[in-house]
Amino acid sequence: MSIEPSHEHPVHKDYEGSKLGMWLFLFTEILLFGGLFLLYSVYRARYPLDFHTGGQHLNTFIGVANTVILLTSSLTVAMAITAMQKGNRKLTMLCLGTTIVFALMFLVNKYIEWMGEIRRGIYPNGPALLRLPNGEKIFYGLYYSMTGLHGLHVMAGIVALSITLDFVRRKKITNTDFTKLENVGLYWHLVDVIWIFLLPLLYLAA
Amino acid sequence: MTNLAQSDPIEYRSFLDMEGRKGILSWILSTDHKRIGILYLAVMLTLFFVAMTIGVLMRIEQLTLNPPLFAPQTYNAFFTVHGVIMIFMFVLPGAAAVFGNFFLPIMIGARDVSFPRLNLLSWYFFITGALVVILSLFTGKGAPDTGWTFYVPFSLRSGTNVPLGVFGVFLLGFSSILTGINFITTVHRLRAPGMTWHRMPLFVWANYATAWVQVLATPVIGVTLLLVIAERLFGIGVFDPAKGGDPLLYQHLFWIYSHPAVYIMILPAMGVITEIIPTFAHRTIFGYKAIAYSSIGIAALGSLVWGHHMFTSGMADTANVVFSLFTFLVAVPSAIKVFNWTATLHKGSIELRPPMLFALTFVFLFLIGGLTGLIQGALNVNVHLHDTYWIVGHFHYVMFGGTGMGFFAALLYWFPKMFGKMYNEKVATIAWFPIFVGFNMLYGSMLYLGYMGMPRRYYTHLPQFHAGHVIASIGGFILAAGLVLLFANLVVALFKGKKAGPNPWGGVTLEWQTPSPPPFENFAEIPKIADRPYIFNPEVSR
Numbered sequence: 005m006s007i008e009p010s011h012e013h014p015v016h017k018d019y020e021g022s023k024l025g026m027w028l029f030l031f032t033e034i035l036l037f038g039g040l041f042l043l044y045s046v047y048r049a050r051y052p053l054d055f056h057t058g059g060q061h062l063n064t065f066i067g068v069a070n071t072v073i074l075l076t077s078s079l080t081v082a083m084a085i086t087a088m089q090k091g092n093r094k095l096t097m098l099c100l101g102t103t104i105v106f107a108l109m110f111l112v113n114k115y116i117e118w119m120g121e122i123r124r125g126i127y128p129n130g131p132a133l134l135r136l137p138n139g140e141k142i143f144y145g146l147y148y149s150m151t152g153l154h155g156l157h158v159m160a161g162i163v164a165l166s167i168t169l170d171f172v173r174r175k176k177i178t179n180t181d182f183t184k185l186e187n188v189g190l191y192w193h194l195v196d197v198i199w200i201f202l203l204p205l206l207y208l209a210a
Numbered sequence: 427m428t429n430l431a432q433s434d435p436i437e438y439r440s441f442l443d444m445e446g447r448k449g450i451l452s453w454i455l456s457t458d459h460k461r462i463g464i465l466y467l468a469v470m471l472t473l474f475f476v477a478m479t480i481g482v483l484m485r486i487e488q489l490t491l492n493p494p495l496f497a498p499q500t501y502n503a504f505f506t507v508h509g510v511i512m513i514f515m516f517v518l519p520g521a522a523a524v525f526g527n528f529f530l531p532i533m534i535g536a537r538d539v540s541f542p543r544l545n546l547l548s549w550y551f552f553i554t555g556a557l558v559v560i561l562s563l564f565t566g567k568g569a570p571d572t573g574w575t576f577y578v579p580f581s582l583r584s585g586t587n588v589p590l591g592v593f594g595v596f597l598l599g600f601s602s603i604l605t606g607i608n609f610i611t612t613v614h615r616l617r618a619p620g621m622t623w624h625r626m627p628l629f630v631w632a633n634y635a636t637a638w639v640q641v642l643a644t645p646v647i648g649v650t651l652l653l654v655i656a657e658r659l660f661g662i663g664v665f666d667p668a669k670g671g672d673p674l675l676y677q678h679l680f681w682i683y684s685h686p687a688v689y690i691m692i693l694p695a696m697g698v699i700t701e702i703i704p705t706f707a708h709r710t711i712f713g714y715k716a717i718a719y720s721s722i723g724i725a726a727l728g729s730l731v732w733g734h735h736m737f738t739s740g741m742a743d744t745a746n747v748v749f750s751l752f753t754f755l756v757a758v759p760s761a762i763k764v765f766n767w768t769a770t771l772h773k774g775s776i777e778l779r780p781p782m783l784f785a786l787t788f789v790f791l792f793l794i795g796g797l798t799g800l801i802q803g804a805l806n807v808n809v810h811l812h813d814t815y816w817i818v819g820h821f822h823y824v825m826f827g828g829t830g831m832g833f834f835a836a837l838l839y840w841f842p843k844m845f846g847k848m849y850n851e852k853v854a855t856i857a858w859f860p861i862f863v864g865f866n867m868l869y870g871s872m873l874y875l876g877y878m879g880m881p882r883r884y885y886t887h888l889p890q891f892h893a894g895h896v897i898a899s900i901g902g903f904i905l906a907a908g909l910v911l912l913f914a915n916l917v918v919a920l921f922k923g924k925k926a927g928p929n930p931w932g933g934v935t936l937e938w939q940t941p942s943p944p945p946f947e948n949f950a951e952i953p954k955i956a957d958r959p960y961i962f963n964p965e966v967s968r
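Chains as they are written, first to last, in this note's numbering: chain A, 5 to 210; chain B, 427 to 968.
It should be emphasised that the hints constitute simulated quantities derived from the structure, not laboratory data.
As the structure is a computational prediction, the values presented were derived from the model and not from experiment.
No residue lacks a Cβ here, since even glycine has one placed at the ideal position from N, Cα and C.
It is possible that part of the hints are untrue.
[Unchecked claim] Taking beta-carbon pairs under 8 Å as the criterion, some of the chain A residues facing chain B (in silico): (1) D18; (2) G25; (3) F31; (4) L36; (5) V46; (6) P128; (7) N129; (8) G145; (9) L146; (10) S149.
[Unchecked claim] What follows is a set of in silico ranges between Cβ atoms, one per label pair, in the way DEER data are often shown: (11) B/E951 - A/Q89: 28 to 38 Å; (12) B/Y884 - A/P52: 40 to 50 Å; (13) A/S45 - B/T855: 51 to 61 Å.
[Said to hold, decoys possible] Residues on chain A that point at chain B, a partial pick, calculated with CB under 10 Å: (14) Y51; (15) N138; (16) G139; (17) Y144.
Using the sequences and the hints given, assemble the complete structure.
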C-alpha cells in the first residue's frame, strides 16, 4: 500500500483482495441457486414419479449439446487467461470472442428448447401444463425458474465477457495486470458448474 | 502510535471540505467511505421518521374502539410499510452501513474500503430499492398489505402492489451483499501494519461477523423474493398450494435469511456498545476474545434457529425440538457479551454522558428483549404467544431497544467525530428521559397485551384490551416526542455546534487519533499498531 498522502485513491492494486471479493461473490451465487436446489430436493422427495415423467419429456439432446458447449466455453476462457499470462493479446481476444460465441449458441439452443415446450402448452399457466398432475406443474415451474435464472447468468456473463474483451483490446488488461480477466473467468466457470448440476437434476433424472 | 491530530494544521483538510466537485455531486458521486456513510445516514434517518410517523398513526388508530379512524385496509398497509421501511431500510443496514462504512476503515488504519466504487454502487442499490418500495405504495392497486414477511399464499392472492414492493426489497438485499463483500475483504486485506486480528477494535469484529451473515444469508431471500415475483407474474406454482406448491417452504426460505438477518441488525449495534462502554468507564474491555468470538458464535448459531418462527406452522415435532434447543443455545454468546459489558463497568470510573446513557439503555432493553425471546422460544409457551402483541413487544425490545438504541448511542458517540461539532449534552440527556419512559410504556404494554391474548395486526381490539392500548399509545407519543427532541438537538449542533476537537470523550481507538472531522483518506501516514486496543492507562495495563 502506498503511503504518500494523495487526494486520489491510492493507485495500488490489491490483486489478492479483488480475488477474495470475487470468491465471496461466487459464494452468494451458490447460495442464490441453493434456495432453488433446496426446493427441488424437497419437491422431488414429495413427487418422485411426476419428476420422473417430467424429466422424460425434456429435450435431453439439446440439454447435452448445451453441456458440451458450456464446457468447451470454460476451456476457451481458461485458454484466454493462459494466453494473457504469456502476453499474447490477440490470442486472448480470440479465446474470449469464442467464449462469447459459445455463450450465444447456448442461449439460442435454450430458446429453441423453451419454444418447443411452450408450443406444446407446457409453460406456467399453460393449457397443457394445467391438465398435468400437481407434481409435474411443480417440476416445470422449477425447470423454468432454474434454467431461467441460469440463462440470466449466461446473459450477464456475455456482458461481462464483452467488457473484458474491450479492456483487453484497449490494453487495460495486460500480462502484468489481468485480475479482471481471471475474475470474469471464475464467474464463467461458476455459470458452467451450476449448469453441470442442472443437467442431471432436470434432464437425466428420469 | 503517533498522534495524528497534532499534525501540521495547514496540511489538514477535512473530508467535508475536499477539493474537486461541488454541491450534491460531490456527495452522490463520491467513493469516499465517510461520505458514503453520511449518505446512508441522511437517507435512513429520513426513512426512519417516515416509518415512525406511520407507527404513531397506528397508535392513534388503537386509541379508539369504534368506529376506526383509518379503514382496516389502510391499517394493513400501515403495518406493512412501517415494517418494510424499519426492517429493510433502517434497522437491517443501519449501524453497519452508516457507522461501519464511516469507521471500520479508520479503526483498522486504512484509507478506504477495499472496493470504493462497489461501495458507492451498493448505496445506489439501496436508494433505488427504497424508491421502488415507495413507488409500490402509490402505484398499482394500493400499498402492499401482507406484513413485512410477504407470507404466501396471501402475498400471491393479495390484490395490492406486492410484486413491485418485493422487487424493491430484492434490490435492498443486493446492497447488503455488496457491503458485506466489501467489509470482509477490507478486514482481510487493509489492516494497518501491526493490526493483528486480536488487536482489532471489537466494533470491527462485530461488523466482520455481520458481513459474513450478509454474504451467506441474503442470497437465499433474494431467490425467494424472485420466486414470489415469478409466481405473481407467471404463476410458476412452487409456492402455490393450488398447484401443489408448499407455503411452508416459503416460510423456511424466508426465515433461513430473515432470522440470521436479526443478527445482521444486532451485531454491529453490539459492536458499538462494546466501543462506548470502555471509553466511558475508562477501563479496558473485559474479555476481549470472548466478545470477539461470541460475535462469530452468534453469527454461526443464529443461522440455525430460523424454525422458531414456525412452531405453529406445522413442522415435524423433531424439527420443533431441535430449533427450540438451538434458540436457547444462541442466548449463550449473547449473554457472554452482556456479562463482559457489566464486568467492564465493574470498578471503572463511569462517566454518564449521553452516549453512555444510551449504551446502558441498550443493555437494559436488550436484556428484556433477549429474556422474552427465551420465553417464547419454549415450545409450549410459544403456542400461546404466537402472533400476539407479545411477539411485537419482544422484537421491538430487541430491534428498537437493541439496534435502535445502539444506533442512537453510536450517533451520539461519533457525531463529534463525523461532523466536528459538539451537540448540547444536556438536551441529549433530557431527550433520553421521554425516550426511555415512552419506550417501556409502549412496548411493555404490548408484552402484557399479548400475554393476555391480544392478536397482532388487528386494526381494532376488544374492550378488555383498551386500557393497555391507551397506555401503549400515550407511551408511543412520548417516545416520538423524545426522538424528535434528540434529533432536533443534533440538527442544531450540525449548524451551530461548538467545535468538538479530535477526542471529546477520551477514546483510545484509532478514529480518535485523527482530527474531527477526519481528513480525506483518513491518515497522512498509515499508523503502525504496537498494542491491543482499549488501553486507557498504559502504566497500569502493562
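Do the hints match the structure? See the list:
no., hint, verdict
1, D18, "holds, 5 Å"
2, G25, "holds, 5 Å"
3, F31, "holds, 6 Å"
4, L36, "holds, 4 Å"
5, V46, "holds, 6 Å"
6, P128, "holds, 4 Å"
7, N129, "holds, 4 Å"
8, G145, "holds, 4 Å"
9, L146, "holds, 6 Å"
10, S149, "holds, 6 Å"
11, B/E951 - A/Q89: 28 to 38 Å, "holds, 36 Å"
12, B/Y884 - A/P52: 40 to 50 Å, "holds, 43 Å"
13, A/S45 - B/T855: 51 to 61 Å, "holds, 56 Å"
14, Y51, "holds, 7 Å"
15, N138, "holds, 3 Å"
16, G139, "holds, 6 Å"
17, Y144, "holds, 8 Å"
Figure legend: structure checked against the earlier numbered hints; every hint is met.
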